[in-house]
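Novice: I would like the entire structure built from these sequences, with the hints used as guidance.
Under my numbering, the sequence shown is numbered contiguously, ending at residue 417.
There could be a bad hint or two in this list.
Unchecked claim - Derived DEER-like restraints, expressed as beta-carbon distance ranges: (1) Tyr318 x Gly413: 24 to 32 angstroms; (2) Met253 x Ser397: 41 to 49 angstroms; (3) Tyr318 x Glu349: 18 to 26 angstroms; (4) Ser394 x Ile309: 33 to 41 angstroms; (5) Gly413 x Tyr269: 36 to 44 angstroms; (6) Pro307 x Ser406: 41 to 49 angstroms; (7) Ala267 x Thr412: 31 to 39 angstroms; (8) Pro308 x Ala259: 15 to 23 angstroms; (9) Glu349 x Pro270: 47 to 55 angstroms; (10) Gln340 x Ser255: 35 to 43 angstroms; (11) Glu403 x Ala364: 18 to 26 angstroms.
Since the hints were derived computationally from the structure, they do not count as laboratory data. Cβ coordinates follow ideal geometry from the N, Cα and C atoms, glycine included.
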Amino acid sequence: MLSATAAKGFAREIAKYPPEGKASAVIACLAILQQEQGFVSQESEQLVAEALDMPPIAVHEVTTFYNMFNQAPVGRVKVNVCTNLPCQLRGGQHALEHLCSSLGIEEGGTTADGAFTVQKAECLGACADAPVLLVNDRQMVSFMSDARIDELVSSLRAQTGANPA
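Specialist: Okay, here's the thing in structure tokens:
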């Protein structure tokens with residue numbers, strides 16, 4: 253069941269489109285649910301499908317296509333590391349490995365305290381700035397050396413109140 257806040261958000265987004273085009277609000281509706289719940293569950297996908305008169309598989313295709321949608325709970329801080337070829341050539345894989353090592357987790361994992369999740373990203377669209385990381389789907393950080401990654405982790409720990417590993 254949708255919360256009152258989510259239902260209001262859905263109505264606002266759906267109203268932006270003609271009735272026959274309300275499926276165009278799918279990304280916005282998924283984002284509303286993720287903002288509220290921290291991830292998009294299968295039940296959430298079903299709610300979106302019903303609200304937009306879409307087949308559930310069509311909503312699932314959107315959820316799984318965009319890496320901004322979490323299909324399972326993630327840490328309070330989600331860091332995507334670009335590992336596409338241009339970033340690979342400029343240290344993307346090393347940045348991923350260093351970040352995971354610093355946090356004591358494997359790629360795709362979450363720290364024991366629930367503070368950090370680290371994921372690969374296929375392309376963040378900033379090849380000239382590689383290696384590139386995206387924090388919480390909002391903040392892009394570029395030219396990430398080991399020292400800059402360590403500084404970022406320290407800063408994020410301070411912001412979230414997370415304990416050092």
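Novice: A separate judgement is required for each hint: does it hold in the structure or not?
Specialist: Structure-based check of each hint:
The hinted window of 24 to 32 angstroms between tyrosine 318 and glycine 413 holds, with their beta carbons roughly 29 angstroms apart. The hint said 41 to 49 angstroms for the Cβ distance between methionine 253 and serine 397, and at roughly 47 angstroms that hint holds. Separated by about 25 angstroms at the C-beta atoms, tyrosine 318 and glutamate 349 satisfy the suggested range of 18 to 26 angstroms. Take serine 394 and isoleucine 309: their Cβ atoms lie about 37 angstroms apart, and the range 33 to 41 angstroms holds.
For the hinted restraint 36 to 44 angstroms between glycine 413 and tyrosine 269, the CB-CB distance of approximately 40 angstroms keeps it satisfied. The supplied range of 41 to 49 angstroms is met by proline 307 and serine 406, whose beta-carbon atoms lie about 46 angstroms from each other. Between alanine 267 and threonine 412, the C-beta spacing of about 35 angstroms keeps the proposed range 31 to 39 angstroms intact. At about 19 angstroms, the CB distance of proline 308 to alanine 259 agrees with the hint of 15 to 23 angstroms.
Separation of glutamate 349 from proline 270 is about 49 angstroms and conforms to the stated range, judged on CB atoms against 47 to 55 angstroms. Look at glutamine 340 against serine 255: about 42 angstroms separates their beta carbons, and that is inside 35 to 43 angstroms. For the pair glutamate 403 and alanine 364, the beta carbons lie near 22 angstroms from each other, so the given range of 18 to 26 angstroms is met.
Violated hints for the displayed structure: none, as all numbered hints are satisfied.
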